[in-house]
Structure formats: C-alpha cells, structure tokens
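With chain A held as given, fit chain B onto it using these hints.
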Amino acid sequence: MITRCTTGEMMIAALARTIADGDLVFHGFGSPLVQLALHVAKRTRAPHMVLVAGATYGVDPTPPFLAPTSNDWVMDRGADCWLDIEELFDLAAAGRMGRMFLSGLQIDRWGNCNVTGLGRGAMTMKLPGGGGGANLSCDARRVTLWTAAHRAPPDASGRRRFRLVEACDFITNLGHRGADGTPRARYGHIGGGPDWLITELGVFDFDAEGHMRLTARYADVSVQEIVDNTGLPLRMADTIDIVAPPDRRTVEFIRALDPLNVHARELRAEDASRSFDLADATERERA
Amino acid sequence: MTAAPIHTRDDKRVSLDALAEMVPDNAVVAVGGGLSSREPMALIRALLRRGVKGLTVVGSAHGVDIDLLCAGGAVSRCAESYVGFEQDFGLAPNYRRALESGAVEMQDNCCYTLVQQLRAAIQGLPFLPIRSLRGTSFPTLHPEYKRMICPFTGEELLLVPALAPDVALIHVQCGDARGNLAIQGPPVADILFAKASRLVLATVERIVPSATLREMRGAHVPYFYVAALAEAPLGAHPTACYPFYTYDRAHLALYHDAARQGPQAFAARYLDVFVTGAPRHADYLARIGGDATRARLASWRDGDEAWRNLYREAAPA
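Residue numbers (my numbering), protein chains in the order written: chain A, 1 to 287; chain B, 1 to 317.
Keep in mind that the hints were calculated from the coordinates and are not lab data.
Built from N, CA and C at the ideal position, the CB exists for glycine as well.
Footprint (simulated), chain A over chain B, 3 or more residues, beta carbon under 8 Å:
1) 87–100
2) 107–113
3) 122–133
Some chain B residues near chain A, calculated using beta-carbon distances under 10 Å:
4) Ser137
5) Pro186
6) Ala189
7) Arg249
Just chain A, with the same shape it has in the complex (with noise of 0.2 Å):
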C-alpha cells in the first residue's frame, strides 16, 4: 500500500487546493504539474469546474496517460468538445476564466514573471517565450504562480541564479505591479492578480500591498532554507503552516495518469527523490 508522497505529488495537491468549485480552470503547455493538478481537483473537490486543456483546447478531457508535449492528441481523449484558440482567449477577456496557471525563469516580489530573456539591456539568455500568459495574466480573474525550481544552487563558478528575485529583468506576465511600479488596479485589468504562489519549497499567498508572502513550508524544509533560497526579502505570514500532504486515493490517482512520470521533469532529481508521509497516515497517527 503506498504510504509516502513525493515532492510532486505533494506540488500537485497544492496546486489543486487553488481550484473552486465552477471555475473555468486553464493550464498552458510546459506544465505537467498542473496539467495533473487540475485533474486531480476535477475528481476531487471541483467537480464541477470547466478544465480546459493547454494547446488543444478540448473541455474536460480524461486522457488515458499523460504525453511529454501538450498539443497532442493523447491529452484532449474523452473531451466533450474543443474550443478555438480566439474562443478560449475571448473567454479570459469577458472575465469567464476564473483561474489561470503560470510561471517563470524569474518570479519578482510582486508577482510578475519572466519568460522571455534573462539581462537587462543586452540579453544573456532566451528563455522560451510566454505563450499566451502575458494575455491571460491580466484577464484571469485569479492566477496561481508556480515554481518547482525554487532551490538556487550555486552554479560551477558559485554564482547562483535565484529563481525568486526582486524585479524581473523582464515582465511577460503581470503581478501586482507593473515594470515602473504602477499598481495593477490602475490598469483596470478584469483579473486580479496572482493570490498564490507553489513551490518546491514553501507556499505563498499575496498581501494588501501585493507582495508575495510566505505562509507555508514543506515538512522537511525550515523557514532559513527558504530564506537562503529566495532572492528578496521575505515577507512572512503570522503563522507559517505544514503544508498538507494528498490522501492516498489522490496519489494513486497521479501515479495512474503520469505513468512515464513526466511530472518529475520539472523537479531537479535532488527534491524530485524528496517523500512525505499521506495525510492518511497522519490521520492514523492522530487516531
């Protein structure tokens, strides 16, 4: 019987925790921990909501297995029907879309990320380029960011690359301010922002001001970890929670979807080997 979670799984559960019942749910392409989050939290506590497949568009698919590359026809099996790509984004932009997923090579203080280049003024890196977040980062009602590269080793020449920094070099997707520091409710925007943010390390909502705020670590990781690991300074909440394992039903679920375990791409191999007790054998213990 399977006892123990992996970091993955226990990424996934978060995620799905961001997902209210009748909402129309979108996950972009390159995004496999989410694209099994929004599976989970349709087969558990949203069952009602609409999931709309990245890259195929199909509505309330139930693929067979998960595919390594999002337009394929392996994930829209079972949809009931598909919509073009002017018709999901005419969704956002009428604020039908309540939720939206999205990340970064940079994740800056208030939120808004980088996926275009790294470096200011001349680039150093490309990075792969935003798809449609830049769009939807503005018209979603509510975003959830993620990252399952929080942890920033040094690099061979000691230099590390912090994943949550400051500012970004460049904004692709807007937080709750934008690059000259104007506050995003003076855009007007339909959407509000990003409320969450899920990492490998910790969890983090946003406060009054829009800045991301540390709420919640993983059971074997400390606040210092998480402060070493982070390229600004963190906010923290009143009280920094445990954050909560699935139950064993939602992983065998996971394990049952993700058979070439594609999730665990996204992880470094370092906290992709990281495991956890389930909440049902928490629950024992407590009984």
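Same frame as chain A, now just chain B:
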C-alpha cells in the same frame, strides 16, 4: 489597405519545390501547427534547401519548425510567443543561440495579441483593441502598439495593428485539388493564419476527391484562400499528424542532441544529413526509415500501451 486576394483556379497542385519557390526572401511568414504537432516540416526543409533568407516568423507556440529555420539562417526576426520542446527536451538550442547572438531580432508576441492582430486583418480593419498586456514589458518590443481612451467607457485600451502575413505555411491531413483544406484535431491558429495571409501555401498528407471532403463535413479552410498545395506524406515529420502518426521522439532526441552541441555539430549531424543531404522529400522519407518508420509512428492505434511506448523512445545510437 490593398484588397486581399482570392484564388479560384480549379487545380492548384504543384510540387513541394515549386511551393517553396513561392516564398519570397524577407517575407512575413505564419507557420501553422503548434508545439510538436502538424508543423509544415517538409515545406520548411524545402525552403531551407532553396536558401530562403530574411524571414520574419509569426505564430503562437512552436518547436522544431522555428528552431530549424533559425539554424538554417532563414530568419531575421522572430515574433513567436514560444519556441521550445516543453518537458521532453526543454529549450530550443538553435533558436536560443540565434536570438542571444543577435542574428535574429527578438519581437516576441503573445497569443491573444496575435489573435486580435490577425482578426483585424481578416476583417479589413487597421487595428483591434485589447485590455490586457498593459503593465507588462511587451510594449517595449512593439513600439507600434498604441494606447487610447475608449470613447464609450473612458477606460484605457491597447490598440494592436492588423497583421496580414505575406505567406502562411500550413500542413493538414486532407485537401482536394482546388485547395480546400480539412483539419483534424486542434486547428491551433491555422484557420486565422489562412484567412489573414495574402498567400496560403499548404502541404497535405493526402489529396482526396472533393466529394470525400464534403463527406468529412467540408473544408475548414475554403479553397479560395489557398494559392497552391502539394501532397507530402509524412510532411509534418518529426512532429505529429494524427491520425496518421505521432511525433517521432527518437528523431527529435537525435535532433535536440545535435543542436545542443553547437552550430557545427548541428550542421554536420543534422542539416547535411536530413535537409541539404536529402534533396527531395522522398530522399528524406528514405533516410528516416521509410515504411518501417511510418508503421512505428502509426502504432499508437494499437492501444494505450503501444501509444505510451512511443514516448519512451530514445535517440538511435
């Protein structure tokens, strides 16, 4: 604005090379398909063999198509919204090098902005507004975007100019001799591209009788948008074109490994073998393993286990 053309010839079938000859240097080119599916790869290889230069590429989420065009020196500006291999192989090496070196100018776009720009062209309008994007850094890459105060509501909007690509390159499953095109599965932005572009060039897995297309409930791209088409079986390889074939993971692994090792290794191990080294599409098909490869990539139909196994394949030794 000059009037957009329509194309009414009864028989638009040409050779793949003739199709490639119709793409002028320095054209703005919309490439169809997306990520690892239904990209017009045979046509792209033919373009590289003819030595096309100075293209501006526009599109949504792409992979090996744009990476290969960058490696072949065909691109001068890139206005895609994503170029990569997702979790399977990660960043696109040739694309990255071309943009970091400055050989290709970065004009990254985003999906809805592109949609609205294409829709403006389709409707014969000079621009369309969007509410999103303001506050991001994209306007620094696109000084042509303008802001306006809406005369009805008083809110600030961003105006994005019409985009009518010079050429759309599209690969679909079926078409007829007149150029009607039927797309199975997600159309991505292909229908928008076809309607917004001045010259639509298509490759198809199969040219079928018009009656067959009507039985398939008609064309997604009506013939009068399409200037010319060529039959190119496995024409999207190494990307997928269901229901005929999945993407060729082993070939993409070989591609990515060669690209990762630098321009010289990529030229020797890939371009010289699969592009310039295969002067006709038939040579390419022979080089990738011909009927055996076709059968292997069609084995997804044998059930979920067979389908899964196609994603476990590693690069050939």
